[in-house]
Amino acid sequence: MLETRNFLVPDATFVIEMVAFIAVLVVMTRYVVPRIRLAMHQRQHSITAALAAADAAERRLDTARAEAAEIKAEARREARATSDQARAMRDHLIAEGRAVGAEEYRWLAGRAAREMERRSDLSSQHLRQRARTVAIAAAKAYLGDDVDVASLAHLVDEQLDALDTTGRHSAAAAVQSSVVSPPADDDAKLATIA
Amino acid sequence: MSRLGALDATSIQADIAIATLVVAAVVLVFGLLARPGSTPATPRGIRLLWEMTIDAADRAAAGVPAGVRGRVTGTAVTLFWFVAVANWLHVIPGSSLPAPTSDINLTLALASTAMGFVHLTALQVRGVRGYLRHYLSPWWLVPAKVLEEVIKPITLALRLFGMVFASALMVLLIGELLPPPMAVVPHVLWTVFDMFIGAIQAFIFALLTVLYFQAVLPRDGSDAVAPLVGTAVRTTSPMVVKGGH
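So the protein lines, in turn, are chains A and B. Mapping of the first sequence onto my numbering: position 39 corresponds to residue 39, and the numbering continues sequentially without gaps. All you need for my numbering is the position in the second sequence, starting with 1, plus 1000.
One or more of the hints may lead you astray.
[Claimed, not checked] Computed footprint of chain A on chain B, listed as stretches where at least three residues anywhere in the stretch have a Cβ under 8 Å from a Cβ of chain A:
| id | segment |
| --- | --- |
| 1 | 1045-1051 |
| 2 | 1146-1153 |
[To be verified] Reference listing, derived: stretches of chain A covered by chain B, where coverage requires no fewer than 3 residues with Cβ under 8 Å from a Cβ of chain B:
| id | segment |
| --- | --- |
| 3 | 5-14 |
| 4 | 88-101 |
Derived from the structure by calculation, the hints contain no laboratory data. Please read all numbers here as calculations on a predicted model, not as lab measurements. Glycine included, C-beta positions come from ideal geometry on N, C-alpha and C.
Please build the complete structure, drawing on both the sequences and the hints.
See the structure below:
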């Protein structure tokens, strides 16, 4: 072929090839490339939109995280304040209960002391009466009816008064000490109750 | 009918013509297979190859007006695949067809069509007056500009033809000079290199065409013209924007 034609000179094949290429070019530029470009363009848009949505979601997440941290800190502050308040109220209630308990204890102790004194008086009078009766009966039994009942009774009363005075002093001292300072275990009981 | 040094308008090289038609069919089939309706949304395979090519062409055509960018991209992509397939046709195992680009007819046809398309687009974008003004100013450069425009398709055609023709000659030389057992390795090596050169030449052909488009079209992106052979996509591609347009 190289001997029969100049390979640098075109022939009629040129026309066929040009027509074939133009046909391909028309089909490609009309039906293939624009559609692929459009699909690429749409995909690029959707990717851009998805990226923007992801960015927005990330920003929202950051905001939500900041809000959550703020809410958590606020809740911590409130919890601390509530705890402090509860602690203060507890201390106040303990002190108040302790004061009330002490007051009640004093009242009960006073009443008990008064009751003890009343009963002691009653017992004392009863004992005096019995002692007087026994003493008079004994004197009458030994001395006969000549016994001066009044003098005897007075003598018995004097002795009993002396005994009574000694006993009352010691009892009063005991009551006084117990009323002024309640026992330590009572304090512990009050604290437990509070 | 063959005559040395004269245009023979009657003889047809059947093998080259058939090879060209095969190339056209292959490009058409692969192009139609790559369309969005024929492939899944996620690009892979043929579609991915086409999208890579279109993206590269879009980037290369970033300087042309947005209204004709689709046309320029389409032309460049078509040229690339047509030339690439034509260059690779003779290395396909079992193929007895020659590379049609090893014949001056196809390279000249491609270059003429591409340059004709370039000037047609320039006329459409600039108008006749603008087109002529582009070439007539300054007046003393008119001969050089005319010569340049004549030389452009010739160099485009001869560059491709020369490379592929030389490659075909190399294959013949390897087969002739070396005994068959020794020719296998050089032949395989040269075939791989030939495929690489074929892709490079296709890329150069398409890139030069885009540059020729850019040379005759205004840089202003506001020129919007009606598509000549169908450019449905008029909007500026974000990838082109990203490319610095």
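Each hint, compared with the structure:
1. 1045-1051: Result for this restraint: holds, n = 3.
2. 1146-1153: Our answer is that it is violated, as 0 residues pass the Cβ test (under 8 Å) against chain A, missing three.
3. 5-14: holds (count 10)
4. 88-101: violated (count 0)
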